[in-house]
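Please take these sequences and the hints and turn them into a complete structure.
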Amino acid sequence: MELPEVRRFKDARWTAKITGKKLVDVRQRIQDLSMLDAALATLVQRCSTSKGKVSCPLIDTLMNGGELTQ
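The opening position of the sequence shown corresponds to residue 1 in the working numbering, with each subsequent residue numbered one higher.
Possibly wrong hints are sitting among the right ones.
What the hints assert, rightly or not - Ranges between beta-carbon positions, derived for each pair: (1) 40 x 17: 27 to 37 Å; (2) 4 x 41: 46 to 56 Å; (3) 34 x 62: 15 to 25 Å; (4) 8 x 39: 44 to 54 Å; (5) 45 x 4: 51 to 61 Å; (6) 65 x 40: 11 to 21 Å.
No wet-lab data here; the hints were simulated from the structure.
Using N, Cα and C, we set each Cβ at its ideal position, and we do this for glycine too.
The structure is reproduced here in structure tokens:
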């Protein structure tokens with residue numbers, strides 16, 4: 001039989017371990033979203049409108065089935 005204090009200590013370590021893993025996952029997601037944000041911001045800046053014509057690499061790529069280049 002374990003003492004309640006020992007059980008609480010084990011539970012706290014387990015909780016800290018699980019929480020630490022979740023924190024790593026959240027930080028990775030934030031990093032991924034930041035990279036996506038930067039890429040999309042670049043694409044938005046590369047799209048322009050002049051005299052009724054739209055020039056946008058994103059739309060051109062989607063229309064032609066190609067890959068985007070930065």
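Checked hints:
1. Checked against the hint of 27 to 37 Å, the C-beta distance between residue 40 and residue 17 comes to roughly 35 Å, which is consistent with it.
2. The hinted range of 46 to 56 Å is satisfied by residue 4 and residue 41, whose Cβ atoms lie roughly 54 Å apart.
3. Distance hint check for residue 34 and residue 62: the Cβ-Cβ separation is about 24 Å, which falls inside the suggested range of 15 to 25 Å.
4. Checked against the hint of 44 to 54 Å, the pair residue 8 and residue 39 passes, with Cβ atoms roughly 46 Å apart.
5. For the hinted restraint 51 to 61 Å between residue 45 and residue 4, the CB-CB distance of approximately 60 Å keeps it satisfied.
6. Under the hint 11 to 21 Å, the C-beta atoms of residue 65 and residue 40, about 20 Å apart, fit the expected range.
Of the numbered hints stated above, none is contradicted by the structure.
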